[in-house]
Amino acid sequence: MFKAVINAETLRDAIDSVSSLVDEVKFSISENGLELKAVDPANVAMVSLKIGSDAFEYFKADQGEIGVDLVRLSDVLSMADRGENVQLELDEESHKLKIGVGSLSYTLSLIDPTAIRKEPRIPDLDLPAHVTLPGGELRRAVKAAEKVSDHVILGVSDEGFYMEAKGDIDSLKLKIPSTELLGMKPGEARSLFSLDYLQDMSKSISKAGEVTLEMGIDYPLRVTFKLGQSVDINYLLAPRIEQE
Amino acid sequence: MFKAVINAETLRDAIDSVSSLVDEVKFSISENGLELKAVDPANVAMVSLKIGSDAFEYFKADQGEIGVDLVRLSDVLSMADRGENVQLELDEESHKLKIGVGSLSYTLSLIDPTAIRKEPRIPDLDLPAHVTLPGGELRRAVKAAEKVSDHVILGVSDEGFYMEAKGDIDSLKLKIPSTELLGMKPGEARSLFSLDYLQDMSKSISKAGEVTLEMGIDYPLRVTFKLGQSVDINYLLAPRIEQE
Amino acid sequence: MFKAVINAETLRDAIDSVSSLVDEVKFSISENGLELKAVDPANVAMVSLKIGSDAFEYFKADQGEIGVDLVRLSDVLSMADRGENVQLELDEESHKLKIGVGSLSYTLSLIDPTAIRKEPRIPDLDLPAHVTLPGGELRRAVKAAEKVSDHVILGVSDEGFYMEAKGDIDSLKLKIPSTELLGMKPGEARSLFSLDYLQDMSKSISKAGEVTLEMGIDYPLRVTFKLGQSVDINYLLAPRIEQE
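Chains as they are written, first to last, in full-length UniProt numbering: chain A, 1 to 244; chain B, 1 to 244; chain C, 1 to 244.
Everything labelled a hint here was simulated from the structure, so no lab data went into it.
Since we're looking at a predicted model, the values are computed, not measured.
Among the hints, erroneous ones may be present.
Said to hold, decoys possible - As a list, the in silico DSS-like pairs of lysine-lysine whose alpha-carbon atoms are at most 27 Å apart:
| no. | chain 1 | residue 1 | chain 2 | residue 2 |
| --- | --- | --- | --- | --- |
| 1 | C | K143 | B | K96 |
| 2 | B | K203 | C | K3 |
| 3 | A | K175 | C | K98 |
| 4 | C | K143 | B | K3 |
| 5 | A | K98 | B | K143 |
| 6 | C | K143 | B | K98 |
| 7 | A | K98 | B | K96 |
| 8 | B | K166 | A | K96 |
| 9 | A | K175 | C | K3 |
| 10 | B | K203 | C | K147 |
| 11 | C | K98 | A | K173 |
| 12 | B | K143 | A | K96 |
Take these sequences, add in the hints, and give me the full structure.
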């Protein structure tokens, strides 16, 4: 059993943070809310999303699992006006999710959860350094780096957080001193990442007041942020090999 | 003789309600205003438009007929700023329409009315049921239905107005109870229509505070609405055959 | 030595007035500011731009010359938020321009000035007639003319300024009487110009409160306007041959 009411924009923002990496996902439903873990088709990025039951206006659910095409779900949610709620109700017999928006009632066919790629085991990395900054600032840096290159170095020095992008002709540096960061744990950290992935992630990240980046030397990047009070998102992005 | 002044946006909105279905039309001019009847190239939809002389700031005309390319006329009107008036004046000798917008003076070549497709005879159908709702609500329903299918069922039941769209995977229902409609005459009504046409029509309909839909069982849909006080628009849309 | 701070939008607007005609330019740097003269690849239009030192928040420079790819520079400036300043600093050894926007630091490779097309000698024409009008009004006229033709006649009569565009089917006239112009010197003037060039120019011109057009009979058009107090732009556009 699953029946819930939620602000359409809250749900859509949560879903968009995942759908930029993977289309079909398996939601775990429990009395605590909705959860999912997924990995992108190229195995470069992992995402975990938790929509706590507090994020809902109404939430009632037994333990369960549903397979959802996020692109279609996001498309349905776009029918809602700004500020409007959506009603969600699982029809267990027909394996369909009923989505009500105002006087519209949409029936979304679910995907057999066994047909969806297995959930990744998210590795429990101990990353030596981390920085916290406004989500909008990270997005701006990513957009600036894209003008120069396809890849970007993220790192932490004693002074603060830095980003470097080198193109064939031009280059770009970003330095945010520790005094201007919202939080920082200094440590050895410098890794190269694909801007394609960072750009997809940064659309959602830019909606967060603050985002924490955990890093090491040629280690994956862990990105942690919240949308509102009760939506928690984690990304883990594999590094690329830096060529001298 | 034809000489008139009208708000550019009023005239453009009126014209756009027709140009989504047909490009070249024959306007009948009389002291009461402008009128046209036209049918789309596929003979699926008819439109009749009346721009009453009251819709004009100034209007002086003898009986007459002019052939107009609506796409070019709409393009010229787009040169006007918001709230600006346009001057229209027929040059009978050269068969041109002079259109003044501010200090710009545009000369639009007219089309020989005999070269334009004959006006349709709009059938005088007695449709058993009708509902009245805000134009914006109809547009929203049409846009939602397009996410699911190419066709949509419109119907009237004892409870109110309904719409159903069935796609290969998902489906959508809309129900507006009679208490939430602006007006209703219950009756036997359920027909299938092409969403392509409804979408074209709904752009203009969405500008109307209210729109009336008249329907029957597998009968054409008649759509009636006003833009402002003095522009009257009627659509008649042929049904499609519903396949079980 | 060159070191300066300027509002990003001011610099971008100045650069866009040139980059619509030519990509790579040679800036002359002096204590008075930046200057350039350039001609478009087809030798139809010339542009001269002066950014006075007063346009800068901070300006310190020795005499010098730098070659710049305006498309890349404009792209970098687009990273700045509305109202934000950019820091410019020339690294003479590495032949690079360092551009700072907030915590971002961009390194733009310069072009060898000798590899850039020689500066044009801008002819000192004595044009018999001129009119002054709001920049936005010229842009509107140009956009209207494009709906009709690829070319446009600009002229001055005793009554004021006029524009004529003749298409295969329709035609357009604009007449602004001298009483509605911001300034006028009557004289013999009527020439045909390419709308492609006028359209490129009119984007920048529309940002100017007033623009002065100097004209003759089948003579080039000289366009003079300011952006803000300290940015001066001049265009010279060759006429086309009018075919009867």
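Here is what the structure says about each hint:
At most 27 Å may separate the alpha-carbon atoms for a hinted pair to count; C:K143 and B:K96 meet this at roughly 22 Å. For the proposed pair B:K203 and C:K3, the alpha carbon gap of about 54 Å is over 27 Å, so the pair is violated. This hinted pair checks out: A:K175 and C:K98 have alpha carbons roughly 14 Å apart, not beyond 27 Å. For the suggested pair C:K143 and B:K3, the alpha carbons sit about 26 Å apart, so the restraint of at most 27 Å is met.
With a CA separation close to 18 Å, the supplied pair A:K98 and B:K143 stays within the 27 Å bound. For the suggested pair C:K143 and B:K98, the alpha carbons sit about 18 Å apart, so the restraint of at most 27 Å is met. Restraint check: the Cα-Cα separation between A:K98 and B:K96 comes to about 57 Å, which exceeds 27 Å; the hinted pair is violated. Between the alpha carbons of B:K166 and A:K96 the distance comes to roughly 14 Å, so the proposed pair stays at or under 27 Å and holds.
Our distance criterion of 27 Å between C-alpha atoms is met by A:K175 and C:K3, whose separation comes to about 20 Å. The straight-line distance between the Cα atoms of B:K203 and C:K147 is roughly 24 Å, inside the 27 Å bound, and the hint therefore holds. Restraint check: the Cα-Cα separation between C:K98 and A:K173 comes to about 10 Å, which is no more than 27 Å; the hinted pair holds. Taking the CA atoms of B:K143 and A:K96, the gap is about 22 Å. The hint holds against a cut of 27 Å.
In this structure, the earlier hints numbered 2, 7 are contradicted, and the remaining ones agree with it.
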